[in-house]
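J.: Sequence:
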Amino acid sequence: MVSTFFCTFAPIIKMFGTMKQRIYKLLLIYVVLVAIFALQHPVFIACYHSLFRGVGLGGVCAALRVDMAMAGFLAIVPGLLAAASVWTAGRAMRYAACIYSAVAAAVVSLSFVVDLCLYGYWGFRLDATPVFYFFTSP
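Under our numbering, the final residue of the sequence shown carries the number 175; numbering is consecutive throughout.
Do not rely on the hints blindly, as some may be mistaken.
Stated by the list, open to error - Cβ-Cβ distance ranges computed for the label pairs, FRET-style:
| hint | residue 1 | residue 2 | range |
| --- | --- | --- | --- |
| 1 | Trp124 | Arg90 | 52 to 60 Å |
| 2 | Val69 | Ala129 | 23 to 31 Å |
| 3 | Tyr61 | Thr125 | 19 to 27 Å |
| 4 | Leu117 | Tyr158 | 22 to 30 Å |
| 5 | Cys98 | Thr125 | 35 to 43 Å |
| 6 | Tyr158 | Val103 | 18 to 26 Å |
These aren't lab readings, by the way, just hints derived from the structure by calculation.
All of these numbers come straight from a predicted model, not from anything done at the bench.
Virtual Cβ for every residue (Gly too), placed ideally from N, Cα, C.
Full structure from sequences and hints, please.
T.: What follows is the structure in structure tokens.
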């Protein structure tokens with residue numbers, strides 16, 4: 038679903054309109070990414086509602102800052118593709134945008150589902166700790 042959404046925005050790479058329109062579309066991509074990340078929190082809290090009884094608005098605001106940062110990281114490549122589209126045009130840029138969005142959507146979806154499933158067993162959110170352990174264990 039998310040990949041389909043981003044592929045519909047692949048015409049951001051197409052040589053049409055002004056840079057102002059490209060910037061508006063990039064902002065739209067950023068807002069949609071923030072919304073996707075922000076909507077993951079209620080799902081996580083609904084699954085583990087007994088652990089989040091005392092969490093107030095401060096926890097939600099801290100999570101929103103992290104969501105905004107992650108959305109910014111994921112919006113860098115579409116931004117670079119939009120900037121490069123000023124000098125180049127063609128299907129290659131559109132395909133690159135679709136492939137990137139499909140890979141990004143798959144990684145975001147998979148990481149959310151894995152985090153949701155493993156939290157019950159591990160007791161902490163998925164972060165770099167398992168990756169560090171995986172690469173340092175013999």
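J.: So, for every hint listed, does it hold in this structure?
T.: Here is how each hint holds up against the structure:
1. Trp124 / Arg90: 52 to 60 Å: 54 Å, holds
2. Val69 / Ala129: 23 to 31 Å: 24 Å, holds
3. Tyr61 / Thr125: 19 to 27 Å: At roughly 21 Å between Cβ atoms, Thr125 and Tyr61 fall inside 19 to 27 Å, so the hint holds.
4. Leu117 / Tyr158: 22 to 30 Å: 38 Å, violated
5. Cys98 / Thr125: 35 to 43 Å: The hint (35 to 43 Å, Cβ to Cβ) holds, given that Cys98 and Thr125 are roughly 41 Å apart.
6. Tyr158 / Val103: 18 to 26 Å: Holds: the Cβ-Cβ distance is about 23 Å, inside 18 to 26 Å.
In summary, the structure is inconsistent with hint 4 from the numbered list given earlier, while agreeing with all the others.
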